[in-house]
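Just need the whole structure built from these sequences, with the hints factored in.
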Amino acid sequence: MLLGIIAGLTTCALWGLTFVAPRAVTPFTAWDLTIARYCIFGLACLMLMADRRFRPIGIARSRLLVGLLLGGAGYVGYFISVAFAVQLAGAAVPPVIIGTMPVLLTIIANIRDRSAPWKVLALPLALIAIRVAIVNAATVSAADVADTE
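Read left to right, the sequence shown gives residues 243 to 391 (the working numbering).
Hints in this document: simulated from the structure, not taken from any laboratory. Hints should not be assumed to be uniformly reliable.
To be verified - Label pairs and their calculated CB-CB ranges:
id: 1; residue 1: L347; residue 2: R295; range: 27 to 35 Å
id: 2; residue 1: R294; residue 2: T342; range: 37 to 45 Å
id: 3; residue 1: G313; residue 2: G246; range: 24 to 32 Å
id: 4; residue 1: L347; residue 2: G258; range: 17 to 25 Å
id: 5; residue 1: S304; residue 2: G250; range: 34 to 42 Å
id: 6; residue 1: G284; residue 2: Q329; range: 31 to 39 Å
id: 7; residue 1: R295; residue 2: M243; range: 34 to 42 Å
id: 8; residue 1: G284; residue 2: F326; range: 15 to 23 Å
id: 9; residue 1: C287; residue 2: R265; range: 34 to 42 Å
id: 10; residue 1: G258; residue 2: G284; range: 18 to 26 Å
Since we're looking at a predicted model, the values are computed, not measured. Where is the CB? At the ideal position from N, CA and C, for every residue including glycine.
Printed below as a string of structure tokens:
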């Protein structure tokens, strides 16, 4: 249990680097950072796949290729967008926008598929929205003050 909690905290801290790294490596561009990140990620995956347990099995090559292309495009597209957002808008604004995604995705999915009654979704969505607003209100106001000095 403790190892799982430590792994979760480490994951969150490393994910948070997505918003800090583009500002911390100023002489390098977002493209440089993205290329370095995914070269390291690709090497780590190849090293893992040296062990048969980590190799994908039972997937047709065409589906595997489509999955790799879509996953790569989305993953790289996400990171490069975040890196440019941090460089252009600062480190406070992109997490605010990304923090609203669970609420927006739930609303869009339920409008499209009507998989759950709105009464059931109202309280959880309201709590998430309130939490995002509280956490990010201080961040945005601090960013506004820092930008004006």
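To see whether the hints hold, each was checked on the structure:
1. L347 - R295: 27 to 35 Å: Holds - the Cβ-Cβ distance for L347 and R295, about 32 Å, lies within 27 to 35 Å.
2. R294 - T342: 37 to 45 Å: Holds: the Cβ-Cβ distance is about 41 Å, inside 37 to 45 Å.
3. G313 - G246: 24 to 32 Å: Taking Cβ atoms as reference, G313 and G246 lie about 25 Å apart, which means the hint holds.
4. L347 - G258: 17 to 25 Å: 21 Å, holds
5. S304 - G250: 34 to 42 Å: 35 Å, holds
6. G284 - Q329: 31 to 39 Å: For G284 and Q329 the Cβ distance comes to about 24 Å; the hint is violated.
7. R295 - M243: 34 to 42 Å: Because 24 Å falls outside the window, the suggested range is violated.
8. G284 - F326: 15 to 23 Å: 22 Å, holds
9. C287 - R265: 34 to 42 Å: Cβ of C287 to Cβ of R265: about 27 Å, so the range 34 to 42 Å is violated.
10. G258 - G284: 18 to 26 Å: 22 Å, holds
Hints 6, 7 and 9 from the list above are not met by this structure, while the remaining hints are.
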